[in-house]
Amino acid sequence: MNNWDWSAVADFMPRFWDGLLLTLQVLVLGSLLSFTLGLVWAIGFRAPTRFVRWPVNVITEFIRNTPLLVQLFFFFFVLPEWGVQFSGLTTGTIAIGLHYSTYTAQVYRAGIDAVPPGQWEAATALSLPAGRTWMAVILPQAIRRIVPALGNYVISMLKDTPLLAGISVLEMLQQSRLESAATFQYTEPLTVVGIAFILIAYPASLLMRALERRLVR
Amino acid sequence: MSADISTPEIPDPKATDPAGELIRFDNVTKRFGKNTVLDDLCFSVRPGKHVTLIGPSGSGKTTILRLLMTLVKPDEGVITINGDRLFPADSKHVREVRKNIGMVFQQFNLFPNMNVLRNVTEAPVKVLGLSKDEAEERGRELLDLVGLGDRCGAKPTQLSGGQQQRVAIARALAMRPKILLLDEVTSALDPELVAGVLDVLRDIARTTDITMVCVTHEMNFARDISDDVLMFDAGKVIESGPPEKIFSEPEHERTREFLGAVL
Numbered sequence: 001m002n003n004w005d006w007s008a009v010a011d012f013m014p015r016f017w018d019g020l021l022l023t024l025q026v027l028v029l030g031s032l033l034s035f036t037l038g039l040v041w042a043i044g045f046r047a048p049t050r051f052v053r054w055p056v057n058v059i060t061e062f063i064r065n066t067p068l069l070v071q072l073f074f075f076f077f078v079l080p081e082w083g084v085q086f087s088g089l090t091t092g093t094i095a096i097g098l099h100y101s102t103y104t105a106q107v108y109r110a111g112i113d114a115v116p117p118g119q120w121e122a123a124t125a126l127s128l129p130a131g132r133t134w135m136a137v138i139l140p141q142a143i144r145r146i147v148p149a150l151g152n153y154v155i156s157m158l159k160d161t162p163l164l165a166g167i168s169v170l171e172m173l174q175q176s177r178l179e180s181a182a183t184f185q186y187t188e189p190l191t192v193v194g195i196a197f198i199l200i201a202y203p204a205s206l207l208m209r210a211l212e213r214r215l216v217r
Numbered sequence: 001m002s003a004d005i006s007t008p009e010i011p012d013p014k015a016t017d018p019a020g021e022l023i024r025f026d027n028v029t030k031r032f033g034k035n036t037v038l039d040d041l042c043f044s045v046r047p048g049k050h051v052t053l054i055g056p057s058g059s060g061k062t063t064i065l066r067l068l069m070t071l072v073k074p075d076e077g078v079i080t081i082n083g084d085r086l087f088p089a090d091s092k093h094v095r096e097v098r099k100n101i102g103m104v105f106q107q108f109n110l111f112p113n114m115n116v117l118r119n120v121t122e123a124p125v126k127v128l129g130l131s132k133d134e135a136e137e138r139g140r141e142l143l144d145l146v147g148l149g150d151r152c153g154a155k156p157t158q159l160s161g162g163q164q165q166r167v168a169i170a171r172a173l174a175m176r177p178k179i180l181l182l183d184e185v186t187s188a189l190d191p192e193l194v195a196g197v198l199d200v201l202r203d204i205a206r207t208t209d210i211t212m213v214c215v216t217h218e219m220n221f222a223r224d225i226s227d228d229v230l231m232f233d234a235g236k237v238i239e240s241g242p243p244e245k246i247f248s249e250p251e252h253e254r255t256r257e258f259l260g261a262v263l
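Taken in order, these protein sequences are the chains called V and C.
In terms of my numbering, the first sequence is residues 1 to 217.
In terms of my numbering, the second sequence is residues 1 to 263.
Pulled out of the complex, with its shape left as it was, chain V reads as follows (with noise of 0.2 Å):
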């Protein structure tokens, strides 16, 4: 076993931060866009018509049960066959943000399920127009009771960055490999790693359950 390097830790530092950097961008553009699709896949779910309902829940079907490395695959080399090229950065945001919104939308739809059906028939009965219903009835009511299971696919997502590195992303993971593969030292900086993820992680998890206890009764 070799011996702990500190000075090895020390050197990794600056690829280190980058790499943060680049994992938290990822995590929180790829978070936004999670949220925002999976809303629209939710209330595609529970469109009057079923030429967007069976569309919707093939797609999202078909997206959740395939894996999010070979999508990132997908995303990287095949598009650009097609014409449809982005950088590394763009195209792994984007492809973790459409996997993960396929979780959220079931989030959501839970979350919209458990909105009493009275509150739709009051709010017909209103004649509210269904982008109000949506926005002033029943959304703030359902999004109460998910904020901690999004939470949760939000330290999830955090988890699945390091698949970023299969793509040539320079997250947190690729910038440890970089930094071995020019230093020999692999435990350092994949410790270092390790570490960040705990940091991260775990904080987050204890905040989301305190956040379930206050706002799901």
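Misleading hints may appear alongside valid ones.
Cβ pair distances, simulated, as ranges [said to hold, decoys possible]: (1) C:Gly48 <-> V:Gly118: 21 to 31 Å; (2) C:Ser187 <-> V:Phe62: 20 to 30 Å; (3) V:Ala130 <-> C:Gly33: 23 to 33 Å; (4) C:Asn27 <-> V:Arg46: 28 to 38 Å; (5) V:Trp82 <-> C:Asn27: 50 to 60 Å; (6) V:Ala130 <-> C:Glu141: 25 to 35 Å; (7) V:Trp54 <-> C:Ser91: 42 to 52 Å.
What the hints contain is simulated information worked out from the structure, not anything from laboratory work.
Being a predicted model, the structure only gives us computed values, none of them experimental.
A virtual CB, placed ideally from N, CA and C, is assigned to each residue, including glycine.
Dock chain C against chain V, hints included.
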């Protein structure tokens, strides 16, 4: 013009047709699965009348209100409001015709994320296009009318069931409906809260010309406010008439049985 429909002041040529009917069901059938809830039903209600539907559970009374509120669609038949098709009709037309109708539910169905006043003003602002000030002024008046003028800022969950139901009545009235549907509005209330709600409704029945269609198990209330009572059994009207007649000398055997059981 669609705008005419929601404005009672403008005389509607159809309102003066000989029949003078505001609500009309023609051969309406509604099934849930294999269960026929309404069977080839025909009835009509003239403007300003108060009609009470009575009958055993499952006889289709609530379904009639839900059809009028367009919460469910009939399988067959024609429903018209003031000569305008509510069914069959395209959805845009339905939305216009529906603005004439308000409903109060058994479970109140107030919006728990809004305070009491906002529950009452939301639809007038967003649907009728009233200014916020206008809607709030009228909302406060209506809440005064139902005895809750001092609870404007409260959340529905802070109110008793009877208070919630009175807010729900104010909310329905705020849309200035021509027709008010009352679906067992006291059934979910503790007994001591029933009277307050019924008093408010008696007031409205006496002082406005709103047409009321009411499903209730409160026979005294039905007797007080009704111009007509319709007795339902197995998806059909088996007997109808003024309350004095239905409650005192019912003709139909089923009506006698039913009233014997509830009175």
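Checked hints:
1. C:Gly48 <-> V:Gly118: 21 to 31 Å: With a Cβ separation near 29 Å, Gly48 of chain C and Gly118 of chain V satisfy 21 to 31 Å, so the hint holds.
2. C:Ser187 <-> V:Phe62: 20 to 30 Å: The hinted range 20 to 30 Å is violated for Ser187 of chain C and Phe62 of chain V, with Cβ atoms some 47 Å apart.
3. V:Ala130 <-> C:Gly33: 23 to 33 Å: Taking Cβ atoms as reference, Ala130 of chain V and Gly33 of chain C lie about 28 Å apart, which means the hint holds.
4. C:Asn27 <-> V:Arg46: 28 to 38 Å: Roughly 32 Å apart at Cβ, these two residues keep to the hinted range, so it holds.
5. V:Trp82 <-> C:Asn27: 50 to 60 Å: Check passed, 57 Å falls within 50 to 60 Å.
6. V:Ala130 <-> C:Glu141: 25 to 35 Å: holds (29 Å)
7. V:Trp54 <-> C:Ser91: 42 to 52 Å: Because 20 Å falls outside the window, the suggested range is violated.
When held up to the earlier numbered hints, the structure conflicts with 2 and 7 and fits the remainder.
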